[in-house]
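2 protein chains.
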Amino acid sequence: MAKIPNTVFSLRHFLVLSLALNVSFILRMFYDGEVGHNNSSLNRAKANNNVHKSRVVMSSTSSLKNSTCKDLTGSKNRIINLDHGDPTVYERFWRQTGDKSTIIIPGWQSMSYFSDVSNICWFLEAEFAKEVVRLHRVVGNAVTEGRHIVVGTGSSQLFLAALYALSPNHASQPINVVCASPYYSSYPSMTDYLKSGLYKWAGDADSYEKDGPYIELVTSPNNPDGHVRKSKVNRSQGLLVHDLAYYWPQYTPISSPSDHDLTLFTVSKSTGHAGMRIGWALVKDKEVAKKMTKFIELNTIGVSKDSQLRAAKILSAVSDSCEQENSKENESFFKFSHKVMANRWKQLREVVHHSELFSLSQFSPAFCNFFNRVLEPQPAFVWLKCEGNVEDCESFLRAHNIITRSGKHFGVSPKYVRISLLDTDENFTQFLDRLSTIQSL
Amino acid sequence: MAKIPNTVFSLRHFLVLSLALNVSFILRMFYDGEVGHNNSSLNRAKANNNVHKSRVVMSSTSSLKNSTCKDLTGSKNRIINLDHGDPTVYERFWRQTGDKSTIIIPGWQSMSYFSDVSNICWFLEAEFAKEVVRLHRVVGNAVTEGRHIVVGTGSSQLFLAALYALSPNHASQPINVVCASPYYSSYPSMTDYLKSGLYKWAGDADSYEKDGPYIELVTSPNNPDGHVRKSKVNRSQGLLVHDLAYYWPQYTPISSPSDHDLTLFTVSKSTGHAGMRIGWALVKDKEVAKKMTKFIELNTIGVSKDSQLRAAKILSAVSDSCEQENSKENESFFKFSHKVMANRWKQLREVVHHSELFSLSQFSPAFCNFFNRVLEPQPAFVWLKCEGNVEDCESFLRAHNIITRSGKHFGVSPKYVRISLLDTDENFTQFLDRLSTIQSL
Numbered sequence: 001m002a003k004i005p006n007t008v009f010s011l012r013h014f015l016v017l018s019l020a021l022n023v024s025f026i027l028r029m030f031y032d033g034e035v036g037h038n039n040s041s042l043n044r045a046k047a048n049n050n051v052h053k054s055r056v057v058m059s060s061t062s063s064l065k066n067s068t069c070k071d072l073t074g075s076k077n078r079i080i081n082l083d084h085g086d087p088t089v090y091e092r093f094w095r096q097t098g099d100k101s102t103i104i105i106p107g108w109q110s111m112s113y114f115s116d117v118s119n120i121c122w123f124l125e126a127e128f129a130k131e132v133v134r135l136h137r138v139v140g141n142a143v144t145e146g147r148h149i150v151v152g153t154g155s156s157q158l159f160l161a162a163l164y165a166l167s168p169n170h171a172s173q174p175i176n177v178v179c180a181s182p183y184y185s186s187y188p189s190m191t192d193y194l195k196s197g198l199y200k201w202a203g204d205a206d207s208y209e210k211d212g213p214y215i216e217l218v219t220s221p222n223n224p225d226g227h228v229r230k231s232k233v234n235r236s237q238g239l240l241v242h243d244l245a246y247y248w249p250q251y252t253p254i255s256s257p258s259d260h261d262l263t264l265f266t267v268s269k270s271t272g273h274a275g276m277r278i279g280w281a282l283v284k285d286k287e288v289a290k291k292m293t294k295f296i297e298l299n300t301i302g303v304s305k306d307s308q309l310r311a312a313k314i315l316s317a318v319s320d321s322c323e324q325e326n327s328k329e330n331e332s333f334f335k336f337s338h339k340v341m342a343n344r345w346k347q348l349r350e351v352v353h354h355s356e357l358f359s360l361s362q363f364s365p366a367f368c369n370f371f372n373r374v375l376e377p378q379p380a381f382v383w384l385k386c387e388g389n390v391e392d393c394e395s396f397l398r399a400h401n402i403i404t405r406s407g408k409h410f411g412v413s414p415k416y417v418r419i420s421l422l423d424t425d426e427n428f429t430q431f432l433d434r435l436s437t438i439q440s441l
Numbered sequence: 001m002a003k004i005p006n007t008v009f010s011l012r013h014f015l016v017l018s019l020a021l022n023v024s025f026i027l028r029m030f031y032d033g034e035v036g037h038n039n040s041s042l043n044r045a046k047a048n049n050n051v052h053k054s055r056v057v058m059s060s061t062s063s064l065k066n067s068t069c070k071d072l073t074g075s076k077n078r079i080i081n082l083d084h085g086d087p088t089v090y091e092r093f094w095r096q097t098g099d100k101s102t103i104i105i106p107g108w109q110s111m112s113y114f115s116d117v118s119n120i121c122w123f124l125e126a127e128f129a130k131e132v133v134r135l136h137r138v139v140g141n142a143v144t145e146g147r148h149i150v151v152g153t154g155s156s157q158l159f160l161a162a163l164y165a166l167s168p169n170h171a172s173q174p175i176n177v178v179c180a181s182p183y184y185s186s187y188p189s190m191t192d193y194l195k196s197g198l199y200k201w202a203g204d205a206d207s208y209e210k211d212g213p214y215i216e217l218v219t220s221p222n223n224p225d226g227h228v229r230k231s232k233v234n235r236s237q238g239l240l241v242h243d244l245a246y247y248w249p250q251y252t253p254i255s256s257p258s259d260h261d262l263t264l265f266t267v268s269k270s271t272g273h274a275g276m277r278i279g280w281a282l283v284k285d286k287e288v289a290k291k292m293t294k295f296i297e298l299n300t301i302g303v304s305k306d307s308q309l310r311a312a313k314i315l316s317a318v319s320d321s322c323e324q325e326n327s328k329e330n331e332s333f334f335k336f337s338h339k340v341m342a343n344r345w346k347q348l349r350e351v352v353h354h355s356e357l358f359s360l361s362q363f364s365p366a367f368c369n370f371f372n373r374v375l376e377p378q379p380a381f382v383w384l385k386c387e388g389n390v391e392d393c394e395s396f397l398r399a400h401n402i403i404t405r406s407g408k409h410f411g412v413s414p415k416y417v418r419i420s421l422l423d424t425d426e427n428f429t430q431f432l433d434r435l436s437t438i439q440s441l
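Chains C and U supply the protein sequences, listed in that same order. Each residue of the first sequence is one higher than the one before, starting from 1 at the first, in the UniProt record's numbering. Each residue of the second sequence is one higher than the one before, starting from 1 at the first, in the UniProt record's numbering.
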């Protein structure tokens with residue numbers, strides 16, 4: 001672990017911090033003023049609580065199980081956990097929508113296992129499917145014509161369903177699964193945890209040169225680094241899974257509707273409803289859609305109808321907000337979320353710009369068909385590099401009570417860390433505060 | 001396939017059929033009269049629709065994908081699908097409860113991945129856990145003290161999580177998984193579909209004689225035959241998973257609280273909410289609970305919060321109905337469901353009693369601590385045997401447009417079939433009608 005530095009404050013750091021705090025407070029006053037809900041303080045406390053509690057979770061990557069956590073809000077001793085991408089940043093928007101996004105489910109509803117058995121995906125709720133198609137049309141980020149929709153318990157289940165569906169029947173060896181590094185840190189463990197004889201993790205797509213069939217995962221924009229991606233291997237017999245969890249207007253310019261064989265989306269990152277555990281796949285090939293459905297049948301006998309119905313309501317509210325946008329008071333979900341992300345990235349860049357210890361990726365602006373103008377990408381995660389002599393960026397930041405995820409989990413150097421930008425305003429502000437005070441080793 | 005018989009009506013058959021229809025109509029008048037909901041006809045149509053649609057599903061076991069289905073209600077040509085245990089029979093009770101079982105979820109609620117990260121099962125909603133403990137106390141069917149609760153996307157996911165958790169680390173060979181036949185038809189495929197190197201299906205527990213560790217599944221009351229079960233193998237190094245999906249007062253006398261190392265329950269069969277996909281495990285060993293939680297994290301990153309909250313509401317309504325029972329108009333869920341099952345079994349036994357073609361298992365009555373009297377088991381499935389020369393009971397009934405599941409899927413003779421008793425009144429009555437007209441080959 002790196003030495004804990006003696007923190008030195010300079011006037012310049014105070015200025016940057018003060019600017020960041022101001023923007024954050026103005027934003028909070030503006031939005032909280034419009035929320036009339038009685039439970040807002042309760043919920044803020046809960047969100048705060050989550051931050052503290054969540055240090056225990058994901059111990060396999062952060063190894064923090066035994067660390068202590070003192071609840072000193074605002075103090076340097078408070079642990080800020082930005083290890084995982086918990087999308088609580090969007091809660092404020094959903095509080096503003098009121099009844100428009102509320103769902104009521106009577107006790108007698110949705111009791112059957114079945115939704116529509118004339119559909120290949122027999123547990124897919126028609127209302128949810130309808131809203132998926134509508135939202136893709138409104139946003140312009142995916143072709144849905146000629147696709148089968150398969151719903152999953154989050155896109156994680158659909159990722160596993162895709163591996164199952166794309167693995168050749170009766171093969172003597174498991175098929176290789178590859179992804180260009182830096183790749184999503186859970187891909188290797190999700191692929192290998194059951195020691196399946198159907199598929200196995202084969203590492204970085206950039207150095208993959210084997211013959212025969214393989215599965216390549218293409219995450220675009222990429223988790224962790226936010227870059228737009230295409231297939232890397234470019235050999236014959238490649239089966240592609242496109243994970244487009246972050247291909248939404250708040251994160252990246254929507255250049256054209258995605259048009260792949262098998263594409264995964266999730267409400268967790270699009271609308272921020274991670275607790276719903278709802279994802280969907282757009283699948284061109286009928287047999288692949290059937291096998292994915294079979295996987296989910298054997299895995300969980302379908303997907304929660306309650307969450308599908310709620311997701312339908314939420315997606316509908318997003319589409320409505322886009323179609324009915326007419327004033328600042330009535331802004332669309334994507335305008336709201338784009339503004340939040342833009343503010344966060346602006347503040348972050350200012351802090352990092354004044355530091356010699358850290359650096360960020362540069363992104364090229366591109367035309368966004370949704371917002372109808374040229375925009376810069378503003379990813380859900382910061383892919384931060386520790387410059388100079390800091391070899392283990394995760395440990396370095398951990399010494400400052402900031403929990404991040406090391407580059408080594410993404411198949412690259414520990415000089416990099418992934419940091420969530422989707423957390424609460426409180427944690428984000430604290431994070432900037434902390435970062436601006438770190439001047440040297 | 002068996003020859004299609006020339007159906008012969010006798011006075012005796014008309015009498016049995018008429019009796020069955022009368023009981024069914026009286027029941028329906030009684031309950032429908034108390035339902036004030038506007039959507040009741042819509043829902044009945046939907047339920048009916050499901051019956052017709054569902055013939056396409058589960059094609060792997062019923063191979064009915066290409067069969068035609070004429071919608072002639074009441075006609076002999078109408079296909080009655082009782083292949084799977086879709087618990088729509090309980091819908092009537094839930095309609096009566098009105099607002100007591102309704103849940104309202106605003107758009108901003110339950111957005112985070114996390115529920116309580118101080119808990120081993122960090123995605124377990126506290127309210128759901130509380131109601132699980134309460135219901136087991138009210139019913140007296142399970143010890144919850146000293147247990148960790150792990151929530152799953154149905155008990156299917158928990159079954160897989162249990163296999164993962166109980167498999168030894170770093171073993172050179174997969175651990176054997178066994179269950180005494182007749183066993184639940186999905187156990188073999190669920191165990192083997194990913195060709196896991198951790199565990200593999202090893203068939204009938206009765207004939208299992210290998211040394212070393214193994215996992216034994218104990219389903220009690222058993223699916224398909226309804227009998228109370230204990231572990232069969234009785235060797236050292238056995239790891240037991242108790243699947244108690246049907247250990248509820250409507251199906252079997254509650255003799256004592258179950259007290260095992262790892263026990264699975266599900267709302268699908270207890271309250272009838274299969275569409276929720278919520279199950280729970282009671283786990284004695286902390287490390288096993290941790291590994292099960294890890295499985296669910298890698299499989300689906302948690303379990304729908306919406307469904308957990310709804311399940312909490314439903315379980316609470318069941319406990320309330322037991323604690324507040326004071327009149328016929330205010331009967332408990334278990335009194336209602338016990339009565340429905342008792343009526344169905346009575347009618348079924350009458351029909352089968354008059355037939356020389358079919359036979360049923362006999363069950364010993366036992367004292368039920370919940371109802372405080374001696375009662376007979378009345379399983380969720382009929383385990384029907386075709387007598388005489390009928391070797392393939394599934395095909396024989398299929399020729400009469402009744403879809404059932406053959407004994408061969410449960411590891412035994414095709415002279416047996418499993419038939420769901422949890423379907424709608426309409427289908428049950430039609431089924432009895434059809435059965436009473438089948439006199440000979």
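Derived from the structure by calculation, the hints contain no laboratory data. Positions of the beta carbon are idealized from the N, C-alpha and C atoms, including for glycine. Treat each hint with caution, since some may be false.
To be verified - Computed footprint of chain U on chain C; a stretch qualifies when at least three of its residues, placed anywhere within it, have a C-beta under 8 Å from a C-beta of chain U:
1. 157-164
2. 181-192
3. 195-203
4. 265-276
5. 286-300
6. 304-311
7. 370-376
To be verified - Looking from chain U toward chain C, a few residues come up when the C-beta cut is under 7 Å (computed):
8. Thr88
9. Trp94
10. Pro188
11. Met276
What the hints assert, rightly or not - Only pairs whose alpha carbons sit at most 25 Å apart, straight line, appear in this in silico SDA-like list of lysine to any residue:
12. Lys294(C) <-> Asn389(U)
13. Lys200(U) <-> Tyr187(C)
14. Lys313(C) <-> Glu287(C)
15. Lys195(C) <-> Ser118(U)
16. Lys200(U) <-> Asn176(U)
17. Lys290(C) <-> Leu298(U)
18. Lys200(C) <-> Lys335(U)
19. Lys291(U) <-> Arg434(C)
20. Lys200(U) <-> Pro188(C)
21. Lys290(C) <-> Tyr193(U)
22. Lys284(C) <-> Glu145(C)
23. Lys195(C) <-> Phe371(U)
24. Lys230(C) <-> Tyr187(C)
25. Lys291(U) <-> Glu323(U)
26. Lys294(C) <-> Leu198(U)
27. Lys100(U) <-> Gly238(U)
28. Lys195(U) <-> Pro106(C)
29. Lys76(C) <-> Ser118(U)
30. Lys335(U) <-> Pro106(C)
31. Lys291(U) <-> Pro168(U)
32. Lys313(U) <-> Ser258(U)
33. Lys230(C) <-> Ser181(C)
34. Lys230(C) <-> Ser186(C)
35. Lys291(U) <-> Gly146(U)
36. Lys291(C) <-> Pro188(U)
37. Lys76(U) <-> Lys335(U)
For each hint, the structure was consulted:
With 3 residues bearing a CB less than 8 Å from a CB of chain U, the region 157-164 of chain C meets the requirement of three and the coverage assertion stands. Counting residues of the region 181-192 of chain C whose C-beta sits closer than 8 Å to any C-beta of chain U gives 3, which meets the bar of three, so the coverage hint holds. Note: the region 195-203 of chain C has 4 residues with beta-carbon separation from chain U under 8 Å; the three-residue rule is met and the coverage holds. Residues of the region 265-276 of chain C with a Cβ under 8 Å from some Cβ of chain U number 6, which satisfies the need for three, so the listed coverage holds.
Under the rule that three or more residues need a Cβ within less than 8 Å of chain U, the assignment of the region 286-300 of chain C holds, with 5 such residues. Here the region 304-311 of chain C counts 5 residues with a CB under 8 Å from a CB of chain U, which clears the bar of 3, and the coverage holds. Under the rule that three or more residues need a Cβ within less than 8 Å of chain U, the assignment of the region 370-376 of chain C is violated, with 0 such residues. Satisfaction of the interface hint for Thr88(U) is found here, the shortest Cβ-Cβ separation to chain C being roughly 6 Å, below the 7 Å cut-off.
The closest approach between the C-beta of Trp94(U) and any C-beta of chain C is roughly 4 Å, which is under the 7 Å cut-off, so the hint is satisfied. For Pro188(U), the suggested interface contact is broken, since its CB lies about 11 Å from the closest CB of chain C, more than 7 Å. Because the closest C-beta pair between Met276(U) and chain C is about 6 Å apart, less than 7 Å, the hint holds. At roughly 36 Å between alpha-carbon atoms, Lys294(C) and Asn389(U) are farther apart than 25 Å, so this suggested pair is violated.
In summary, the hint linking Lys200(U) to Tyr187(C) is supported, as the alpha carbons are separated by about 24 Å, within the 25 Å threshold. Of the supplied pair hints, the one linking Lys313(C) and Glu287(C) is violated, its CA atoms being roughly 30 Å apart against a limit of 25 Å. Distance hint between Lys195(C) and Ser118(U) is unfulfilled; the C-alpha atoms sit about 30 Å from each other, more than 25 Å. Between the alpha carbons of Lys200(U) and Asn176(U) the distance comes to roughly 5 Å, so the proposed pair stays at or under 25 Å and holds.
Taking the CA atoms of Lys290(C) and Leu298(U), the gap is about 23 Å. The hint holds against a cut of 25 Å. With a C-alpha separation of about 51 Å, the suggested pairing of Lys200(C) with Lys335(U) is violated against the 25 Å cut-off. With a C-alpha separation of about 35 Å, the suggested pair Lys291(U) and Arg434(C) falls outside the 25 Å cut-off, and the hint is violated. A threshold of 25 Å between alpha carbons decides the hint, and for Lys200(U) with Pro188(C) the separation of about 22 Å falls inside it, so the pair holds.
Among the hinted pairs, Lys290(C) with Tyr193(U) is consistent with the structure: their alpha-carbon atoms are about 15 Å apart, no more than 25 Å. With a C-alpha separation of about 9 Å, the suggested pairing of Lys284(C) with Glu145(C) holds against the 25 Å cut-off. A C-alpha spacing of about 47 Å is found between Lys195(C) and Phe371(U), which places the hinted pair above 25 Å, so the restraint is violated. A distance of roughly 17 Å separates the Cα atoms of Lys230(C) and Tyr187(C); the hinted pair therefore holds under the 25 Å criterion.
For the proposed pair Lys291(U) and Glu323(U), the alpha carbon gap of about 36 Å is over 25 Å, so the pair is violated. A distance of roughly 21 Å separates the Cα atoms of Lys294(C) and Leu198(U); the hinted pair therefore holds under the 25 Å criterion. A threshold of 25 Å between alpha carbons decides the hint, and for Lys100(U) with Gly238(U) the separation of about 44 Å lies outside it, so the pair is violated. Only pairs whose Cα atoms come within 25 Å are accepted, and Lys195(U) paired with Pro106(C) is rejected, the gap being roughly 41 Å.
With a C-alpha separation of about 23 Å, the suggested pair Lys76(C) and Ser118(U) falls inside the 25 Å cut-off, and the hint holds. Our distance criterion of 25 Å between C-alpha atoms is met by Lys335(U) and Pro106(C), whose separation comes to about 21 Å. Between Lys291(U) and Pro168(U) the alpha-carbon distance is near 11 Å, which keeps this suggested pair within the 25 Å criterion. Between Lys313(U) and Ser258(U) the alpha-carbon distance is near 24 Å, which keeps this suggested pair within the 25 Å criterion.
Pair hint Lys230(C) plus Ser181(C) holds up; C-alpha atoms about 13 Å apart against a cutoff of 25 Å. With a C-alpha separation of about 20 Å, the suggested pairing of Lys230(C) with Ser186(C) holds against the 25 Å cut-off. Between Lys291(U) and Gly146(U) the alpha-carbon distance is near 17 Å, which keeps this suggested pair within the 25 Å criterion. Note on Lys291(C) and Pro188(U): the hinted pairing holds, with a Cα-Cα distance of about 18 Å set against a maximum of 25 Å.
For the proposed pair Lys76(U) and Lys335(U), the alpha carbon gap of about 33 Å is over 25 Å, so the pair is violated.
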